[in-house]
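Undergrad: Line by line, the protein sequences give chains D and V.
Counting from 62, one number per residue, gives the positions in the first sequence under our numbering.
Counting from 1420, one number per residue, gives the positions in the second sequence under our numbering.
Treat the hints with caution; some may be incorrect.
[Claimed, not checked] What follows is a set of in silico ranges between Cβ atoms, one per label pair, in the way DEER data are often shown: (1) Ser410/D / Gly1640/V: 40 to 46 Å; (2) Lys1690/V / Glu131/D: 30 to 36 Å; (3) Lys233/D / Ser1430/V: 31 to 37 Å; (4) Lys1555/V / Pro218/D: 53 to 59 Å; (5) Asn1441/V / Lys233/D: 42 to 48 Å; (6) Ile257/D / Glu1534/V: 53 to 59 Å; (7) Asn1617/V / Ile342/D: 39 to 45 Å; (8) Glu1576/V / Ile400/D: 15 to 21 Å; (9) Asn328/D / Glu1477/V: 53 to 59 Å; (10) Lys1713/V / Met62/D: 38 to 44 Å.
[Said to hold, decoys possible] Here are a few chain V residues that sit away from chain D, every Cβ distance over 12 Å (derived from the structure): (11) Gly1428; (12) Leu1445; (13) Gly1454; (14) Leu1491; (15) Ile1504; (16) Lys1531; (17) His1577; (18) Leu1666; (19) Asp1708; (20) Gln1719; (21) Gly1819.
Think of the hints as simulated: they come from the structure by calculation, not from any bench.
Quick reminder that beta carbons are idealized off the backbone N, C-alpha and C, glycines included.
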Amino acid sequence: MKILVLNCGSSSIKYQLLDMKNEAFLLAKGLVERIGISDGEISHKNHNGTIYKATDDIPNHTIGINLVLEILVDTEHGVLNDVNEIKAVGHRVVHGGEEFTKSILINDEVMNQIKECSDLAPLHNPANIMGIEAMKSIIPNVPQVAVFDTSFHTTMPNYAYLYGVPYQYYNKYKVRRYGFHGTSHKYVVNEASKFINRDIKDLKIVSCHLGNGASITAVKNGKSIDTSMGMTPVEGLLMGTRCGDIGLGAVLYIMEKEGFSYKEANNMVNKRCGLLGVSGISPDMRDLQNAAKEGHERAKIALDMFAYRVEKYIGAYTFAMGGLDMIVFTGGIGENATIIRHKICEHMSFIGLDFDKEKNKQIQGKAAEINKPNSKIKCIVMPTNEELVIARDTKEIVK
Amino acid sequence: MKILVLNCGSSSIKYQLLDMTNEDVLASGIIERVGLAEGELTHKVPGKDKYKQVLEVENHTIGINLILKTLLDNEKGVLNSLEEIGAVGHRVVHGGETFSNSVEITNEVIDKVEECIDLAPLHNPANLKGIYAMKKLLPNVTQCGTFDTAFHQTMPEHAYMYSIPYELYEKYKIRRYGFHGASHKYVSETAAEFLGENYNKLKIITCHLGNGASIAAVKNGKSVDTSMGLTPVEGLMMGTRAGDLDLGAMFFIMNKENLDVKGANELVNKKSGVLGISGISSDMRDIEDAAWNKGNHRAQLALDMYFSKVKKYIGAYAAIMGGIDVIIFTGGIGENGPETRKAICEGLEYMGVEFNNKVNDGLRAKLADISMPDSKVKVLVVPTNEELVIARDTLKIVNG
């Protein structure tokens, strides 16, 4: 069964075409950028390595998706003979609110509910909706499935998902912690459990998805019981440009001093903080590692702050679960930044992690155990694959 | 030497007179509603009945004058002459990055405390009023300042910096400062002494749980991290303060409810926390009663949130110190809430905490070890005494 996975942003469409017959096989993938702006661009790569790039005006998502389908059936660069070979489409949808506890077949009612969640993710859900509607207009008879970033975290207990603000805001606006990266956390904790030959139902796991956006999740007996991102993705860890946890008083103080409206403040904490804000040079971990090596002081502080915050969350979630069996690293930084993993894990011996520094140095972008053989706590690097989860869920639901 | 300790709020003055020979409290009290109609003085001398007087107290100078008069009074007083007061110690809330220790208050120090007003606009001006008044009334007596923030000045950069544009730190000194420093210092030192251990070799987590609440990680005698930040609203959920909250959620509420900075500050400081969740009260005793005796769901929720937050901070600080030797409970709730202490310590067995229910049950406001004799991690209740810290620091400075 061939499944198209779509991840639509406000001005971009990421896609992957997977053949789910036996083991999932990636037929093609690509990215459409600058939709609705000007100088739109599509870059496409198929499984035998051919790369195709083109620029064109792409005024909206429907035209963007049409382009994707055209290239997929292109005689030279394509991988399909006919669009009808696509048996289902899986969409990444960012916010599923409290409604969606798992992936679901999209119908009119589901569409309405996704629209209702737009208030909670005003940048993301409308783009996801555009993708779904475009797809419906182009291939109306193909089943479409929505996979939510928030679903995996709907198992959190109320004391973990509620904030200490007046309860009426929860009743009135559903202000609460939702969490994100659910698809990734779910995938890596399951894969990591298999990797160490243990049943996830018996394990207490801290899952660290460290990328440009970053979040940590406490997974107890296979269920998310707490996670660092909140109602929005700005909470929690220090990220590329997002500030993560910070005193409210400090932000209100800045707003007052700088005369910021809440919109300007929101923009600042999302776009100008984090690694970029502290270092003053870049939101990219690789740039900061290079700069730190050359003695750039603020780059060093940014790295220390990043690792320190992760350490605190691991400790907090270990206590919240009453113990820890495994730490999992994923995401661009988690999979590749050996120094960061080292910084995070070096003080964890008191909870029973015997970290293998040498082994850690050799692992980038592949599944591996980076603890010493007798370590009470396992430490696993597990590359994430959100598209695969979306394709699997879609296949399961369509069947 | 007799030392007068003053803690001036915007409309209140708390005081204590101590004889430092044996650290005995000679008298203590509070004036409330300073500058408002119908001020009230409550004065207490150990072993005697409380004395109360309702009268208008126009300002801090008049208030402090009233305190001095009361201390000299034939009946209620404890002094024959004001000259017996050897020194005055003031609590000062915000010392910014300038003060990492208690200091003698000179004109230069006053200037610097004034510079910190911006960081604590409600507290520092009140503290300064007390200092000015005292200078006028007892110009020849040495005055010292003990700062809430000083103990936390040992935090490393990666703990006190916020991940905001660095220029904002340079421009406004926006960073984590922490509060309750005198309390965290006192209880951690007292615990080391009680256990007969070397303070400079312990990993201690101090939980100051009162209406305001903060946790500190004290490693080798130094504060290395604490939950309150630039302002006291950060960290734990408190009586009426929100503690940690997604900024995105705050902006969302500001947008929906049309709140400006003042409105948002008011919301997260005065209407949130235990009060906001339960909808009943900011007082833990009321909440416990509602949850446990009346089956109130939201009161139970407020308790669950409160406990889980403390637990997460303890875990976080254990991780950054690479372990824990001692957990300390102090403050109104920490000292008087056996159920709270028990709930927080539940599930910490794997970390080496063996909780002693028998000792803990019913234990209130008393220095005690509430862990089992061979518990790897010691859990203590240590009643705090910020006034004594101020008096001791003042004495030390006066004696050179």
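Undergrad: State for each hint whether it applies.
TA: Right, here's what the structure says about each hint:
1. Ser410/D / Gly1640/V: 40 to 46 Å: violated, 22 Å
2. Lys1690/V / Glu131/D: 30 to 36 Å: violated, 56 Å
3. Lys233/D / Ser1430/V: 31 to 37 Å: holds, 34 Å
4. Lys1555/V / Pro218/D: 53 to 59 Å: holds, 57 Å
5. Asn1441/V / Lys233/D: 42 to 48 Å: The hinted range 42 to 48 Å is violated for Asn1441/V and Lys233/D, with Cβ atoms some 57 Å apart.
6. Ile257/D / Glu1534/V: 53 to 59 Å: For Ile257/D and Glu1534/V the Cβ distance comes to about 56 Å; the hint holds.
7. Asn1617/V / Ile342/D: 39 to 45 Å: At roughly 43 Å between Cβ atoms, Ile342/D and Asn1617/V fall inside 39 to 45 Å, so the hint holds.
8. Glu1576/V / Ile400/D: 15 to 21 Å: Holds: the Cβ-Cβ distance is about 18 Å, inside 15 to 21 Å.
9. Asn328/D / Glu1477/V: 53 to 59 Å: The hint (53 to 59 Å, Cβ to Cβ) is violated, given that Asn328/D and Glu1477/V are roughly 47 Å apart.
10. Lys1713/V / Met62/D: 38 to 44 Å: violated, 56 Å
11. Gly1428: holds, 18 Å
12. Leu1445: holds, 38 Å
13. Gly1454: Correct as stated: the minimum Cβ-Cβ distance to chain D is 25 Å, above 12 Å.
14. Leu1491: holds, 41 Å
15. Ile1504: Since the minimum Cβ distance to chain D is about 36 Å, Ile1504/V lies beyond 12 Å and the statement holds.
16. Lys1531: holds, 19 Å
17. His1577: violated, 4 Å
18. Leu1666: Violated: least Cβ distance 5 Å, not greater than 12 Å.
19. Asp1708: Given a closest Cβ separation of 19 Å, the condition holds.
20. Gln1719: Gln1719/V is in fact no farther than 12 Å from some Cβ atom of chain D, at 9 Å.
21. Gly1819: Given a closest Cβ separation of 38 Å, the condition holds.
In this structure, the earlier hints numbered 1, 2, 5, 9, 10, 17, 18, 20 are contradicted, and the remaining ones agree with it.
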